[in-house]
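Protein chains: 2
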Amino acid sequence: MLSEQVGRVLEELQRREIEKVYLVACGGSSALMYASKYALDREAKRIDSDLYSSNEFVYRNPARLGEKSLVILCSHYGKTSETVEAARHARKKGAMTVSLTNEADSPLAHASEFVIVYEEGKEHPFLNDPHAIMYELVFGLLHIQEGNRKFDTLIRSLAELRPVLEKAKEQARAAAKDFGRTFREANIIYTMGSGANYGIAYWFAICILMEMQWIHSHAIHAGEYFHGPFEILEKDVPIIQLLGLDETRPVEKRSLAFSQKYGENIIVVDANDVDWGQIDESVRGYLAPIVLQRVLRVYAEELAEARQHPLSTRRYMWKVPY
Amino acid sequence: MLSEQVGRVLEELQRREIEKVYLVACGGSSALMYASKYALDREAKRIDSDLYSSNEFVYRNPARLGEKSLVILCSHYGKTSETVEAARHARKKGAMTVSLTNEADSPLAHASEFVIVYEEGKEHPFLNDPHAIMYELVFGLLHIQEGNRKFDTLIRSLAELRPVLEKAKEQARAAAKDFGRTFREANIIYTMGSGANYGIAYWFAICILMEMQWIHSHAIHAGEYFHGPFEILEKDVPIIQLLGLDETRPVEKRSLAFSQKYGENIIVVDANDVDWGQIDESVRGYLAPIVLQRVLRVYAEELAEARQHPLSTRRYMWKVPY
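Protein chains in written order, with the UniProt record's numbering: chain A, 1 to 322; chain B, 1 to 322.
Worth flagging that the hints you see were computed from the coordinates, not collected in a lab.
A few of these clues could be false.
Pairs involving identical chains hold if they fit within one copy or between any two copies, as the list cannot separate such chains.
Result set (DMTMM-like, lysine to aspartate or glutamate): computed pairs, CA atoms no more than 20 Å apart in a straight line [claimed, not checked]:
#1 K93 to E247
#2 K20 to D275
#3 K68 to E146
#4 K45 to E19
#5 K68 to E43
#6 K93 to E43
#7 K319 to E234
#8 K20 to E146
#9 K20 to E43
#10 K68 to E19
#11 K20 to E103
#12 K45 to E17
#13 K92 to E43
#14 K253 to E85
#15 K167 to D270
#16 K177 to D270
#17 K79 to E17
#18 K319 to E166
No experiment lies behind these values; they were computed from the predicted model shown.
Bound conformation, chain A alone (with noise of 0.2 Å):
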C-alpha cells in the first residue's frame, strides 16, 4: 500500500543502523515534523531524535551526526536553500538522508540519498502526503529496528483518513467564518498547543498570520503559558487554543480552562469534535495535528477572505534577496 519511495527507504532501514534521527526543514516543512518527533520520544526505546531548523541544524553540526543517523528533510518547492545544504552537510558526514518534497527535479531531491515526491491532493488513501509520510518513516523505521507494534494499525488508520479530514473540514466552516468576521480587525492572533500538536500551533502563528495576514503571533506552549505568557491574557486578546487527543491534552485543557475564565476571545479546535469513523482510537492522538491542520486551513481562508488579504499576499518572500 506504500509508495515505490517509501518502501525503498524502509528497505534501506532493514540493512543499516540507525540510532539517531535529525528532523530538518524550515517553516511549515518544519512544523509538520513536530508531531513526529513526539511519535519517537514516546514509542522509540533506543532511538534518539532532534528537530532542527536547517540552517541551525548546519551550524550547530551536532557530534553525534553520522554514519548512524537517519536525517529527514522537507522542501515543498525543493529549493529551500538552508534545506539543501543541510542534505549536503548530512551526506558528508555519512548520515542516511531521506527528503520529502513537490518536486522531483528539484535541488534538494538531488542532493539526498533518497527522495519522497509527496502530493498534497484529495487522493485516497490518504499516503501520500506529507504528514502521512513523515509517519511512515518513523514508525517504519521503529517497526524495522525496534518492533514497534503501532506500524500496521497507524498505515490503515493513515489510508482512512481522507474521509475523516473531508467531513472535518466542513463541519469547521461555519465557526470559521464566525472566527474571520469576529476578528478580522485583530493585530495579533496566538496560538496554543501542546505535545503532538504545538507544531501546528506554530505553524498556524508563523506560517498563516505572520506571513500570509501580517498579524502578529506567537505560538505559546501550553505547558508555559503559566509562566511568563499568560499574564498578557485581556479580555479582548484573541488565543486559539488547539486541544488534541495525545498524552498531553490535560495541558491543553488546563490552558483553555485558564484562558476562558479571564479572556473573552478564546477560540477553541478541538480534534474531539471530529467524526473518526472506524480510525483506531490508539493512534487518534498522533492523527490529531493533521486533522487540526486542515481544519486550521479553513480558518485560515475565511480570515484571508473577511480581511480580503489573500493568502498568497507577500511583502518579501520570493521577492527580494534575503
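Let chain A serve as the given structure and place chain B on it in line with the hints.
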C-alpha cells in the same frame, strides 16, 4: 573550586553510566537550560539530550527515560508544581535527578536525589549562578564519561566571568536607557536569536516582555525568520536581535542584515561588544548567553522605569489559582 553539592553530583557520575540528559523546567528556569542543550549537541559524542517544559515532560513521558537518564531540573523557589511532579516522575522511572533551586528547604529539593542551591548575587568567582552550575554539570558529565577536554577551561573561565558581566552591564546602561525611552509606548517587541542564545531571546520575550511588562512578544528563531515571520516586518516593528559568539552567529547576522534593511526599530545586543578580558576564546560562545542575559536585564530595568511599570507587577502569577 566547585561547590560540595556540585562535587557530589560529579562523584556519582563517575559511578553511573548516562545515555541521555533531560533538561526539565518551566519559563525562565527552562530558558537558562537552552545553552546547555546547545553545548551537549556540539560536544557529546555518545550522550543524547532533550529539553522539555516540565508538564510536557511528565505527560509526554519519553520511552527512553530510565536508569541511564540524568534529569536536571530547576525552579527558583523550588515550588513550581509541574517541576516537582517531573522530579517525582523521573525518580519513579529510575533516573538520576539533580535539581537547581534557590531554596534548600523546598518541595523540589525534597523530591530530587541531588540538590544544588544556587545564588544569584554578586559573588566572585562566578560559579554558583544557575547558568554556571548548568555548565559545570553538563561539561562535568562530558568530561567524566566522554573525556571532553573543555571542562577545565570552562570552569576557569566561569570563575573569571564576574568582572566581564559587571563591565558589560555598565557599558549597556546608556543604550538601555535609550531603548526604554524609545519603546515605552510599544505594543509589541520581538526578540531574535539562534544557537546557544535562543534561550535568552525566549526568556526576554516571555518573562520580561510578556510577564513583567505586559507587552506582546515572540522569540523568533533567526533561521526560521525567512520562512514566515519576516513578513510582519514593517518600518516601525521593534526587534531585539541578539548576536552571540557561537557557531550560529552567521544565522543571527543574516536575520539582522535583513531587519536593518527594511526595519527602522532594530535593537542589536552583541556579545562581541563586551570586553572579554582574559576569558579563553574557545569557550566564549558558550558564555555569551550569560553575558547577553545580564545586558538584557539592564534593558528590562530601563524599560520598566520608562514605562513606570515595575518588573514586579503581576496580574495573575502567584495571585489567582491556575
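Hint check:
Taking the closest pair of Cα atoms, K93 and E247 come within 20 Å of each other only across two copies (17 Å); inside a single copy the shortest separation is 36 Å, beyond that limit. With identical chains, the CA atoms of K20 and D275 are never at most 20 Å apart, being 36 Å at best within one copy and 39 Å at best between copies. In this assembly of identical chains, K68 and E146 lie within 20 Å of each other by CA distance both inside one copy and across copies; the values are 15 Å within and 18 Å between. Taking the closest pair of Cα atoms, K45 and E19 come within 20 Å of each other both inside a single copy (11 Å) and across two copies (12 Å).
For the identical chains of this complex, K68 and E43 are neighbours both inside a copy (19 Å) and across copies (17 Å), given an alpha-carbon limit of 20 Å. Taking the closest pair of Cα atoms, K93 and E43 come within 20 Å of each other only across two copies (16 Å); inside a single copy the shortest separation is 27 Å, beyond that limit. For the homomeric pair K319 and E234, the shortest alpha-carbon distance between copies (15 Å) is at most 20 Å, but the shortest distance inside one copy (37 Å) is not. In the homo-oligomer, the alpha carbons of K20 and E146 lie at most 20 Å apart both inside one protomer (13 Å) and across protomers (18 Å), since each shortest distance falls under that limit.
Taking identical chains as interchangeable, the C-alpha atoms of K20 and E43 lie at most 20 Å apart whether they share a chain (14 Å) or sit on different chains (16 Å). In this homomeric assembly, K68 and E19 come within 20 Å of each other (Cα to Cα) both inside a single copy, at 5 Å, and across copies, at 16 Å. Neither within a single protomer nor between protomers do K20 and E103 lie at most 20 Å apart by alpha-carbon distance, with minima of 27 Å and 37 Å respectively. For the homomeric pair K45 and E17, the shortest alpha-carbon distances inside one copy (14 Å) and between copies (17 Å) are both at most 20 Å.
Only between protomers do K92 and E43 lie at most 20 Å apart by alpha-carbon distance; the minimum there is 19 Å, versus 29 Å within a single protomer. Taking CA atoms no more than 20 Å apart as the test, K253 paired with E85 passes between copies only; the shortest distance there is 18 Å, against 40 Å inside one copy. Taking identical chains as interchangeable, the C-alpha atoms of K167 and D270 lie at most 20 Å apart only when both belong to the same chain, with a minimum of 14 Å there against 51 Å between chains. Taking CA atoms no more than 20 Å apart as the test, K177 paired with D270 passes inside one copy only; the shortest distance there is 17 Å, against 45 Å between copies.
Taking the shortest Cα distances, K79 and E17 never come within 20 Å of each other, neither inside one copy (30 Å) nor across copies (43 Å). Proximity of K319 to E166 under the C-alpha cut-off of 20 Å is found in neither arrangement, the shortest distances being 34 Å within a copy and 44 Å between copies.
Of the numbered hints listed earlier, those contradicted by the structure are 2, 11, 17 and 18.
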